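Enquirer: Read off the chains here:
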Amino acid sequence: MLKIDTLTKRFGDKTAVDAATIHVTEPRMIGIIGRSGAGKSTLLRMLNRLSDATEGSITFDGEEITALRGAAKRDWQSRCAMIFQQFNLVPRMDVVSNVLHGTLNKRSTFATMFNLYPQSDIHRAIEILDRLGIAEQAPKRAEALSGGQQQRVAIARALMQDPRIILADEPIASLDPMNAQIVMDALRRIHEEDGRMVIANLHTLDTARRYCDRVIGMRDGRIVFDGTPAQLTTGVARDIYGAGADFSEAATSTAIETLDSHEARKAKAYV
Amino acid sequence: MLKIDTLTKRFGDKTAVDAATIHVTEPRMIGIIGRSGAGKSTLLRMLNRLSDATEGSITFDGEEITALRGAAKRDWQSRCAMIFQQFNLVPRMDVVSNVLHGTLNKRSTFATMFNLYPQSDIHRAIEILDRLGIAEQAPKRAEALSGGQQQRVAIARALMQDPRIILADEPIASLDPMNAQIVMDALRRIHEEDGRMVIANLHTLDTARRYCDRVIGMRDGRIVFDGTPAQLTTGVARDIYGAGADFSEAATSTAIETLDSHEARKAKAYV
Amino acid sequence: MSAADLDLVKSQADALFSRKRLFAVGLPGVILAYFVYIFFAFDLPGLAQRANWDNAVTLASDSWSYKTHVTRENGSGEMEYAVEGERKGAYPDGQRPDWVTGDDVITVDLGGGTLVRLLPDRRTEVEIPEFGLIKAQAEGREITTNLTGDLPDWISASSRRVGITTPEGRVTITGSKTEVFNYFPGWELFWFTFDSPYHGHGFGEILFGDRIDPDRGNIAGAVSDWWNNAMWRHRDVAWAIGETILMAFLGTMGAAMLALPLSFMAAKRFAPVMLIRAATRRLFDFVRGVDALIWTVVLARAFGPGPLTGTLAILITDTGTFGKIFSEALENVDQKQIEGISSTGAKPLQRYRFGVIPQIVPILLAQILYFLESNTRSATIIGAITGGGIGLMLTQAIQTQKDWEEVAYYIVLIVGMVMVMDSLSGWLRGKLIGRSD
Amino acid sequence: MTDATLGTPNGARSIDHIRASYLAQVQRRRLYGGLVLMIFVLLMVSGFMVADDRNAGGFWDGLHQIGDYPAEVLAEAWQKRADLPGLVVEFFPALIETINIAAVSTLIGAAAGLVLSLLSTRGLARWPRLIPVFRRFMDIMRAVPEIVIALVLIFVLGGGPVPAMIAIAIHTAGALGKMFSEVAENADLKPVEGLASTGATWAQKMWLGVLPQVAPNYLSYALLRFEINIRASAILGFVGAGGLGYELRNSMAWGPGRFDEAAAIFILLFGTIVFFDQLSSRYRNRLTEGHAA
Amino acid sequence: QEITEFRIGILGGENAQDRMNSYQCLADYTTEELGVETKLFAPADYNGVIQGLLGGTIDMAWLGASAYAATYLQDPEAVEPVMVKVNLDGSIGYHSIGFARKDAGITSLEDMQGKVFGFGDPNSTSGYLIPSIEIPQAGEGITMEPGEYFADVVFTGGHEQTIVAVNNGDIDGGVTWADGQGNWEDGYNSGALRKAVDAGLVDMNELVEIWKSEVIPEGPVVLRTALPADVKEKMTTLVDNLYETDPECTYGVFAGDSLGAKPVTHATYTSIVEARKAEIGG
Ligand SMILES: Nc1ncnc2c1ncn2[C@@H]1O[C@H](COP(=O)(O)OP(=O)(O)OP(=O)(O)O)[C@@H](O)[C@H]1O
Ligand SMILES: Nc1ncnc2c1ncn2[C@@H]1O[C@H](COP(=O)(O)OP(=O)(O)OP(=O)(O)O)[C@@H](O)[C@H]1O
Ligand SMILES: [Mg+2]
Ligand SMILES: [Mg+2]
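From first to last, the protein sequence lines stand for chains A, B, C, D and E. No gaps in the numbering here: position 9 of the first sequence is 9 in this note's numbering, and each next residue is one more. No gaps in the numbering here: position 4 of the second sequence is 4 in this note's numbering, and each next residue is one more. No gaps in the numbering here: position 384 of the third sequence is 384 in this note's numbering, and each next residue is one more. No gaps in the numbering here: position 208 of the fourth sequence is 208 in this note's numbering, and each next residue is one more. No gaps in the numbering here: position 40 of the fifth sequence is 40 in this note's numbering, and each next residue is one more.
Calculated directly from the structure, the hints in this document are not laboratory data. Remember, it's a predicted structure, so these values are computed and weren't measured experimentally. A couple of the hints might just be wrong.
Not everything, but these chain D residues come out facing chain A in the computed CB check (under 10 Å) [stated by the list, open to error]:
#1 LEU189
#2 PRO191
#3 VAL192
#4 ALA196
#5 ALA200
#6 THR201
#7 ALA203
#8 LYS205
All C-beta atoms in this analysis are idealised placements derived from N, C-alpha and C, irrespective of residue type, glycine included.
Sequences are here, hints too, so could you generate the full structure?
Expert: Next comes the structure, spelled out in structure tokens:
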């Protein structure tokens, strides 16, 4: 259903994404890993059409995505929700309004500017919030919420779009381990229950291993690994991260069970 | 030479310094410790006559300091330099000018208005900067310097005053451990080489222990300890800081050698 | 969450949104209602009627074109040729435009086939393609013509006066004289008037050609003739611009110098006496509140018309404004630097000089430069009231409503002047304060 | 780390070098400073002399007469003080007109400035390539003094409040546009990107993503403008655009006998300016402080 | 006492710089005669010149009769009238002319009832003072209170503005000045209407005269009383002889054809002063 073909993005001299080719035939939960600057965000932004590709193409169910312009492009964006590391909510607005922003594309500009959302949308927004366990926060301002709660609001906004694909750009990078787990669990559950495709940039190996059906590794803009979590050995990970022999997976871990043994392991490292 | 007698300062109901009595007979390096709000700063500010005492007296070499007014007071201030936690330099002026501010009291108001200082003063300022190892910074603006460098400029300004006493109000509180050491070393060296009296407020026990000949402990405005570093046992420190049995000296430490063993000690604490 | 709880949250959200909607629709509603009130209070329906679009057209076309008048005194038969009908723009004796020909019968070719013939015995003929020949005979105050029936609206004819307006030009005939106006694009005589020997010569010719006026070098002569051009008066315009900028500069700087010491008296930190502080603040409020407009009026009696009056009006008002801004800046100064200086035993003046001044200088400079630019604009307006500078020239040119090309020229100059002052002050700001602040 | 060179001062040669170069720098600074000061003093003094010379009355001759005119006005107003309340009521409609001109032009100008500022801010612009065009456009709108537009429009539209309103609105749009865009430049782009990812239109992104962030600052600037515009509309009245300025000019032209009218108008104008000045500075403080909190 | 400069004020009515230009020759003669620098000032309106004369910042000006009265009423000692312009026919008077647009169907003051009427500058004799007194006498029930006889009475600011406002239809009728000689269709021989016609601003076919005042005395050339006697004498002689020495300059100074100037005293203006006092007060 999703076909990415030699997709390339250049910023001046710098090639951020270099001829990436990915084929996805059924809704899967896919993790993209790679170190900082590998091009993960750039790839996702091109998928959502937040930025234009320099070369190559994206097709979804036969439709050429890279060629879309104007309203058609926005329509694609409404079908392909995106979640950001910094949540990217409107901090001074209340939670329900933020979730309702997921319907902007379907409603007239004028109506949305005057807050004229249909009641059914408002109710659905609250149901989605309830599904993510934060319905009580509905009337609060987004900025008053904790990071984990804000990210769940962002997921709710994504669900409000009722998208075929959910893209998530390091959704847990600014969260503490407890919240990270809640958010990843939510994404997985959405994938499983609704059958939506989820593509998530992750900077921790173990998260990718634990939650994803398929892992893609990027390095310097190129796709250097594409396989199941099982195929992702420490050797492969070393290749992806370009690390030496001192590479320790735990150094990038944020999962809670890892953390519990962290202190001990770190102490060991000092010995 | 310096005699502080039942010196008291009240702010409304609040007694910030309560009948402090200190006698110093020869130039020593004295550290004053005590927790925040103990009255350390207030005491030093009264010594420099930045604020007036409510009661009590200060005499220096037989001269009554608390009674000085106008020019005589300013003359005393010029003999008793002060160094501040936040450096209190003029950030937009260059380093040498800042150092030259130490001579303001000696020069005519008119000449200084136009930044006209004798060349000999300028040479001496640069020599002092050189002594403190920051002569290369001479032409830069003070705001362009790092914290440690700025504090050394402040010390240079103090030296420029050629004072009998140097007061230092938490000179290293806003510095990182490396710079803290440099600054404390400088103060100690000045004390030893020039024979100037140094009175420094310090908020870390080990710094006081390491650099001072005599340590004075304050609590709630009163002097609760006055003795040599050796007499400053952990029990006494607990009294001064009003801490419970869980008091750990290292928690307030910034010295580098302490820091090195910090990690280990912390690990120990967790065990 | 239980279903009941969820319903509660939903109804809360519904309430929240109806409140938001009310606000989102209500606020624009109030503004709309205000606009409706204004629509009638300002009589906009009446305005549409009153608006005179002919004037707009005149203005638009006159501002980039000029007309040459050909006038015959019907009594004496004397001819006059003058640009804009002004004496200063008159053709010297014996010269006339090349679209005027003939001696007994003088033919004026307005172009497009439109011809005006000035015949002896006070007769005038106007030949207009696709309309025909109009004949007019002046006799005493009476005009007799061959015009009959319904006339098109571009002809206005009575027994005393005939006016014909075509796209090519305009003709008016009265008993005493016949006038033909021929329109051309451009600002004629902008460089040299007819009495200058350099009129009609190109730049290349003047710069590199032979000496045109035997008494003077070409460049010196041309510059002097241009500078003293009686039609466009470049010298006076330059003076007027200079006067306007002078008013802004002196007013702003004078105000800043006056406000600085006063602002210390209005800042809590430097004037502990409540009475002095309050008095100074009220003084600032007063001079600001009276406003430059009223100051110009008050000062006009004492100093008469001229740039000094405008300068003082700006100076007085801005002293209030600067005083307020400066004293606010002074209240916000960082105590640490002052304390640092005090601790060395510095005298009070030295404390201000090194503890306070370095802190507020950037704020002061930024504000002063900002006001310098905006006062250039104010000086234009104030000049129009006190009688000085480019503002007066502009208002008078607009009020007499004929020299729209001069109006256009002044507008271009004023906008240019303000923009130059704007970028100048921006550049100085960057230079003196640095980008970071 | 060079910071650690506490105990090892520089060699004698390098310290001489530092000393010499610092002294040279001081010399240079003194020279420039002196030069700038001299030029400034020269400009001020010669400027004052030119202005004094080109003025009808000299500065020193006129100084003692400053009080003459206000004294005459006040004397007459005092004499007829019983009429003042009536006159204040009589001129109240003119005051309302002046305030209306300011209010409408501020509203229209702020709306236009809002759109222009968003169109000319990097990261937000609808057509990024047209940013310089919109900026230039705002520069020109800002540079044209109100009086120019007002007088030209009076010629076309006839006297009254509308030309003044349009003139002030145009200037306001330019001035506010610039200030607004400086605020918008510092706006957080994350919410905008978040909205973009849902397929929102440009208007939706601006309205929902940018406006909530910048609204307090915008409002504060608009209030300041309103205050300035009241003055502007009074001044434009003076050159023929209606409102209080027009009445003031007439009553002053009449001279003695009508000075009580002039005084009444002075009072209205002064009171209004001070009133709105105080009001706006209070609310502005609250807005920006509330924002910082 | 001595003077160091001589300052001539110029009244509104034309482009500021045009006026300055027409007066330059007079300034040159003055400099030659007095031996001090002569400066020209063109304030924005009548009031500017009046204030200048009162404040002692302007030494000489050619005032309108009403403006002179205003000056006299504020300070009888401030200025003294010395000269008055003589018209081609030897008279020293002119007229205030009421006019309206022909296509509005107004041909007389009666037709103006319920319409908007416009004055020029409040300090103008023909543009305000005289018509404000004489028009109410011209017909039954006519008053100058806005809303009584006329629907509204406004001030346009000056003669030019009145003409344009009537021509545009902003107001239904207004008053301006003219010498009353020559033909209506030319806008008379001289005056504000004539200038407007010459400038191509109005078509006299579209305007009608609805009222004409009694003869109004031309305004005087005044000198500040405080000037030294010899300066006053020299300047009086200079203006008196200007037409003989330089007719071209006289044309510019008096804004049109004239036979120069002749001496005049305050007596000529006592009625105007009384009128102004009655009308405006003070
Ligand atoms: N707007 C841009 N302009 C120029 N270069 C850019 C831009 N955006 C990204 N890059 C460059 O493209 C490369 C890939 O960036 P990208 O943000 O996609 O990496 P990433 O894998 O998401 O890293 P991170 O984990 O830091 O988010 C980087 O080298 C980055 O510097
Ligand atoms: N200007 C003042 N007005 C009122 N109270 C003051 C003032 N300055 C200090 N105090 C109070 O006096 C007490 C002593 O303050 P001081 O600053 O001397 O303590 P300190 O020991 O220096 O503490 P820190 O470590 O926080 O600097 C505090 O309770 C403080 O709140
Ligand atoms: Mg990224
Ligand atoms: Mg302290």
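Enquirer: Now, for every hint given, state plainly whether the structure supports it.
Expert: Going down the list of hints, with the structure as the test:
1. LEU189: Check passed: Cβ of LEU189 of chain D comes within 9 Å of chain A, closer than 10 Å.
2. PRO191: The hint holds - PRO191 of chain D has a Cβ within 10 Å of chain A, the shortest such distance being about 4 Å.
3. VAL192: Because about 8 Å separates VAL192 of chain D from the closest Cβ in chain A, which is inside the 10 Å limit, the hint holds.
4. ALA196: 6 Å, holds
5. ALA200: Holds - the Cβ of ALA200 of chain D comes within 10 Å of chain A, reaching about 4 Å at its closest.
6. THR201: 5 Å, holds
7. ALA203: 5 Å, holds
8. LYS205: 9 Å, holds
Violated hints: none; the structure is consistent with every hint.
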